[in-house]
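Go by the hints and put chain B onto chain A.
The listed protein sequences derive, respectively, from chains A and B.
Residue numbers are given in this note's numbering: position 160 of the first sequence equals residue 160, and the series is strictly consecutive.
Residue numbers are given in this note's numbering: position 367 of the second sequence equals residue 367, and the series is strictly consecutive.
These are computed hints drawn from the structure, not numbers from a lab.
Worth double-checking, as some hints may not be accurate.
Said to hold, decoys possible - Listed below are several chain B residues computed to face chain A (Cβ distance under 7 Å; list not exhaustive):
hint	residue
1	69
2	174
3	181
4	182
5	183
As the list claims (entries may be wrong) - What follows is a list of derived Cβ distance ranges for each label pair:
hint	chain 1	residue 1	chain 2	residue 2	range
6	B	373	A	271	50 to 58 Å
7	B	198	A	187	40 to 48 Å
8	A	258	B	200	38 to 46 Å
Computed from a predicted model, the values in this text were never measured in an experiment.
Note that the Cβ used here is the ideal one computed from N, Cα and C, for glycine as well.
Chain residues, written in single-letter form:
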Amino acid sequence: MTTSTHDFRDRRAPARPTAWVLSMLAWPLSALVPALVPAPAAAQTDPRVLEIIDEVDRLMRGESSTGRMRMEIDTENWSRSLEMSVWSLGTEYSLIRVESPAREAGTATLKVENEVWNYLPRADRTIKIPPSMMLGSWMGSHFTNDDLVKESRLIEDYDIVISFEGDRDGEQVWEFTMTPKPEAPVIWGRIEQQIRKRDRMPLWAHYYDEDGTLSRTITFEDFRSLGGRLVPARTVIQPADEDERTVVIYLELEFDVGLNEDFFSLRNLRARQ
Amino acid sequence: MSRGNHRIWWRIAWRNLWRNRRRTVFTASALSFGFVASVLMIGYMDGIVEELVSNGTRVATGQVRIQAEDYQPELSIHRTMGGREGLDVDALLAAVEAQDGVTGAAPRLYGGGLVSSGDETVGAVLMGVDAAREEAVSRFGSALVAGRMPGPGEIVLGDAMAETVEAEVGDEVVLVAPAADGSTGNDLFSVSGIFSVGVGAYDDSYALLEMGSLAELMAMAPGRIHEVAVSVERIREPDIPANAIREAVAAVSPGLSTEAWSGFLDQLYFIVNYVATFNYVVAVLIFGMAAFGVANAMLIATFERRREFAVARSLGTSGGRIGRIVIYEGILLGLFSLAAGMALAVPLMVYIHNNPIDLSRFVDTYSFVGSAVRPLLTVEYSVWGPFVSALALVTTGVVSALLPAWRAVRIPPADVLANR
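If we strip away everything but chain A, and leave its shape as in the complex, we get (with noise of 0.2 Å):
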């Protein structure tokens, strides 16, 4: 039959599983590194990055934080700009609530481990994003769902090498190429990062398909001092087949605030505050 039926197509092309988005929403420093525990298993992954990773993850295991930050959304039929409170414990909490504009304040994502929670505040609703949505777009941005759970499992997932190390355009930086193991449930054919030796500043990740043709790209800039700690306080997302980006930017972040396990809960996913 031919009765219109109208649908959803008009949503952000489904972005990626990927890694460590939530740290760049919300853990910023640990974008460079997502995830954790040394992994046992990562035989074919590069002892170096090993060891860089778990530097990383010794600065950062158990901290708590908070900010304020904005992302602007441009897409071909749209532009629009949040502003949001984040609050996080490690990488597996965190809270995002939308402060303005005001048609949307209110409006929270509750990520705990590895399942992510809507609010609506309209509506009064809160909804728990099925398996089926978590490719869909986050509030309308570049990111998925998915790439709020996935930031922590990289390592179990890929097999990271060095593939470069030395100098560009005058930075001493590392390049990590990661390919997905086996039998990982990954959709990436393949992701690249750079990253500055000096200060372990994550510079770029380039993200291909399954064909080896660029996805997308994830560029950290702007790096300054929030809350006494050095960050990329600006990261842009961008699509490749797309005249489209998400950008985040940190208006404010401080660490070290004494959050526990009990605050990232959906009742304070409702509470505004």
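Coordinates of chain B only, in the frame set by chain A:
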């Protein structure tokens, strides 16, 4: 040949016809019944077509629809009429309604979303409407089984959807829908009514909201709509008003696409044309069979009158004239049968039209190509059906007379009179 002379051949033919009254009545009956059968069959098929077109276009789509050129086939919520700025909806509606044959025009905003009540959630097509204008275009208003059309903050659900989410009039439902600014529109709506149009696609997946409420949910500026659905007087011939509308709306806003249902319900259009063609096949089949019977009877009648024709020929009547008498007999037989058939068919049609035979005990309503047909044995009045049948009938009379006429012309007078 003078006019008076001419008439005499018709009279001879008419009298010849009634020399064997019983045979003529039987022969004429074959043709009359053929006519009745043909008219009723075509009327019945027309009835189905009428119902298909009516259900296919009167339920929701209207017979003509206007959308942004790039709205189809993706139905993106961003592809509103007049582009991102929208257009002057009132001016557009006025331009459409000023066209001949247009009976109504209704603006619509479409979105997709989730409707939840309690623990149940279903995906829905959200349709923002102007309730007063929908009356002239769609059946949603007249198909309400409870409550009324939606006002601000209200929603009307199809009955199947209402059942799925266990919602009744007065209940609150939650709507979550992707909005045009990339946010997730969400709000509570009160169920003001439940409709049942009888076409599954609508009853289980359409929800109607007041235009402004849906625009707010979807963060759409006023003046942004996806469609204007237009109803026209002659639903089977939407192309003429569609062309006029196309020209009229081009003056209001560029980039609009105006399409008649023959385009956007192309499968239905195919079926309708198919049935129309099939009507000819029916007529040809029925009268084809009758033709052989009639020809046979007339051959016998001609054979019986061999001597008579031979005498006429001997007295100076030309062969052509003899043949013409037989042809006239065929024409007169046809006209007589037609009169008898009409006398039978017209009351029958009126009766069945007014008293459709309900077959719902045996068959369910079935939906296809976006429409539906009720199990009613009914006939639709038409001029075309009887006209085609009448033409077929008289043609049959004439064609059936051709061979006998040829035989009559070829009679050798001397041999026949000499009984050789």
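Right, here's what the structure says about each hint:
1. 69: violated, 16 Å
2. 174: holds, 4 Å
3. 181: It holds, given that the least Cβ distance between residue 181 of chain B and chain A is near 5 Å, below 7 Å.
4. 182: holds, 3 Å
5. 183: holds, 5 Å
6. B/373 with A/271: 50 to 58 Å: holds, 56 Å
7. B/198 with A/187: 40 to 48 Å: Because 44 Å falls inside the window, the suggested range holds.
8. A/258 with B/200: 38 to 46 Å: Taking Cβ atoms as reference, residue 258 of chain A and residue 200 of chain B lie about 57 Å apart, which means the hint is violated.
Hint violations for this structure: numbers 1, 8, all remaining hints satisfied.
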